[in-house]
Amino acid sequence: MSTMPAELEIHTHEHYLNASYGIRSWLLTTDHKRIALLYLASITFMFFVGGAFAVLMRLNLLTPEGEMVSAETYNKLFTMHGLIMIFFFLIPSIPAVLGNFVIPLMIGARDVAFPKLNLLSWYLFITGSGFALYSAIAGGVDTGWTFYTPFSTAYSNTHVLSMAAGVFITGFSSILTGLNFVVTIHTMRAPGLTWYRLPLFLWSLYATSVIFILGTPVLAIALLLLGLERLFGVGIFNPSLGGDPILFQHLFWFYSHPAVYVMVLPAMGVISEVIPCFSRKRIFGYKIIAFSSMAIAIIGFLVWGHHMFVSGQSIYAGLIFSFLSYLVAIPSAIKVFNWTATLYKGTISYATPMLYAFGFIGLFTMGGLTGLFLAALAVDVHVTDTYFVVAHFHYIMVGGAVMAYLGGIHYWWPKISGRLYPEGWAKLSALVVFLGFNLTFFPQFILGYLGMPRRYHSYPAEFQVLNVMSTAGASILAVGYLMPLVYLIWSMRYGPLAPANPWQATGLEWQTPSPPPEHNFEQTPVVTRAPYAYDEMEEQRV
Amino acid sequence: MSEMQAVEAHEAVAHQFDDMEQQHDAATLGMWIFLVTEVMFFGGLFTGYTVYRSAFPAAFAAGSRLCEVLLGGTNTGVLLLSSLTMALAVRSAQLDRRKHLIFFLICTMLLGLVFLSIKGLEYFHKYEEHLIPGSRFAFAGPDARQVQLFVYFYFAMTGLHAFHMIIGVGVVLVMLLLAFQGKLTSRRYDTVEVAGLYWHFVDIIWIFLFPLLYLVDLHK
Amino acid sequence: MTHVVPARTYVLVFAALLALAIGTTEIARIDLGPFNAVVAITIAVIKALLVALFFMHLLYTRHRTKIIAAAGVVWLAILIALTLSDTLTRNWLPVPRPW
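Residue numbers (my numbering), protein chains in the order written: chain A, 231 to 772; chain B, 73 to 292; chain C, 17 to 115.
These are computed hints drawn from the structure, not numbers from a lab.
Note that the coordinates shown come from a computational prediction; the quantities given were computed from them, not determined experimentally.
Be aware that a few hints might be false.
Keeping only pairs whose Cα atoms sit at most 27 Å apart, straight-line, the calculated DSS-like set for lysine-lysine is [unchecked claim]:
id : chain 1 : residue 1 : chain 2 : residue 2
1  : A       : Lys346    : B       : Lys171
2  : A       : Lys657    : A       : Lys575
3  : A       : Lys575    : A       : Lys517
4  : B       : Lys255    : B       : Lys171
5  : A       : Lys517    : C       : Lys82
Looking at chain A on its own, in the form it has when it is part of the complex:
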């Protein structure tokens, strides 16, 4: 027990943070752990930029007239909020931060397969973000994050091209990350680490990477064609040539639907790590969860037309897409059942990552079930383009993905920083996030069902109470998000030093010091046990 004050204690072993100093050692690093931190800083910044747009929207919606900003400005606010949150925060979040940091550690490797490509991915992300921020500062985009033609190609007077360029460039960042992860997992596993011994976080990141690889290029070509059409006035979405604006939607949603699984699969992977650890039990149905991840990725590519039920798409295609959308819910539900079964008769402890995991399970289930409402053609006709849809996807993306992201950050924080975060503050902020989230978004289900349309700066007066509740919730949610920013940064200097395995978790990443040395392991580990062998661990402790 040290008598020195906490702030003067530092780790004495050489690790990836103190191995070299100076800005060049960070900006030219090929160490996956440093690249993960570069991503952490950039996406956190983009999160608060996207959040700022949301704050302005919610403030405007305090009154039915919505005259805090003009209708045109409001269009820009929801567009920029959506684009930045989806492409520059959610999609990279867990894969590029937690995935980059943890994957080589989890498989017992020294780095990813292509470290320089990994750094290039980050620079592509930064370049894309630069274009996005330029578009925001220069006056914004007002097409909605979906860039629908012909408004985006022929009528919008905003910075569509620079924004599309930003998304296009960032897309290549994800493609290269996905490629790196797949090759790493295939070729660099430690001896004894067979596919069915892999942690489920890796299965879900593998499935995510498959989506990156197969889906993102189609978004890229859609944006390229949109740009060409906007630049040259001639194009394939141009009705005056016989072109079909709905073709743009097909190409756009072919990626953008699987993109939501990009956002949720890694989140599910985090939950699959956290739940066994804080129940001290093997996960229930390991193989089923692994296959469900792949099933979600694959079936997720077959449902994109459910975003287009009222677009003018053929009703026969609508029938096919509706049916397939019901199918994709099945593997997600299976996972929820398996996590619940893991909790049953487990020795449950309520550390912060576990609190976020509980939040995820409840909120993701609600979001997922409301997705089934939307998959029904007849129901969708009434609730599409209303706040019902907005609530549905925020339940999954914020109540689900962001909470899992925060849970994962807290779970691996000791490994990443070598410090323990303050548990009391962390639990409090998890609670604040949960309460703020529900107050923000539950009223939106009701609003949507009652008919309030999305993407409008004003609304009928009878909806004001629910809107005020939603804005109040948003302010609480904002506090909940600011708290971790403060205490996590605080912990990097003043937090107690973390041991190698503070959670007594299974997994190779916990077999190396916190923070890890630059090359991760002194000796390549050999794996002999099944994953999540918490029962054996508990037996050994007794």
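Use these hints to put chains B and C onto chain A, whose structure you have.
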């Protein structure tokens, strides 16, 4: 393996890999995955093409007749030959035949440049005949607007393909430089093999572009 | 050590490719109605397979590389098929008349 060869082999292995075999495995897997992304990238254009050809078959046929089969066909032969020379180049690297490797790489590069020149000529002809999509597009025949749509696809698809060819020629040039420096030996040939995979893929795209753009309706 | 393909194999594959290229051009001059497209695509697929299996060594590589290459083709087929399921069936249902 001699001591010098063993040292050379060890130096060629990047720090994250355990041995050359793992590195080779990773490199080829990585390139194949990248090619899958390229299939989906071009695939968006093929999708649009399929949608519109099924909607406007006559206009697409008329548009296809505007494409010069002699030039396109010659280019097909040129690219197929370049794939042969590229495959032979990789084989030469596998067998440590440095002079052959350099010869075949030069052939591949020259054939690529021939392809690009012929393509440039085709584009120039289109320009002369006022067939560039846009305000100056002039087609005297029925369904002029849908024919313009076809020509737009022609330029988009062959243009994207040509862009990839230019990169391919650059990659082959880099391989040439490495070959001159003696770095493409049988123990380190994964670099040129990976370059070969890219080159063949660009050839495969053309294998589909040729019939879809040039051969829709030759029998009128 | 990976397989070295004999030069003769490569040359034979090239000869086949060239023959198919000439073949597809000549067949296009014959009016087969809708089958022109089918034949042209079939020949293109055969040519692509020859390049992939022999020049790109797909025939000689691990199982998993074949699966990955196939996945790319299958996914493109999904994109095209489901998009066509919309565009080809749009006119099937008559547009309802306004009230």
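Exercise. Would you check the hint for Lys346 of chain A and Lys171 of chain B, treating anything up to 27 Å between C-alpha atoms as holding?
Key: Status violated; Cα separation ~31 Å.
Quiz item: Do the alpha carbons of Lys517 of chain A and Lys82 of chain C lie within 27 Å of each other, as the hint requires?
Solution: 24 Å, holds
Quiz item: Does Lys517 of chain A lie within 27 Å of Lys575 of chain A when you go C-alpha to C-alpha?
Solution: 21 Å, holds
Quiz prompt | Hint consistency between Lys255 of chain B and Lys171 of chain B [alpha-carbon to alpha-carbon, up to 27 Å] | solution = Answer holds: Lys255 of chain B to Lys171 of chain B is near 13 Å, not above 27 Å.
Quiz item: Is the straight-line distance between the alpha-carbon of Lys657 of chain A and that of Lys575 of chain A 27 Å or less?
Solution: 23 Å, holds
The earlier numbered hint that this structure contradicts is number 1, and it is the only one.
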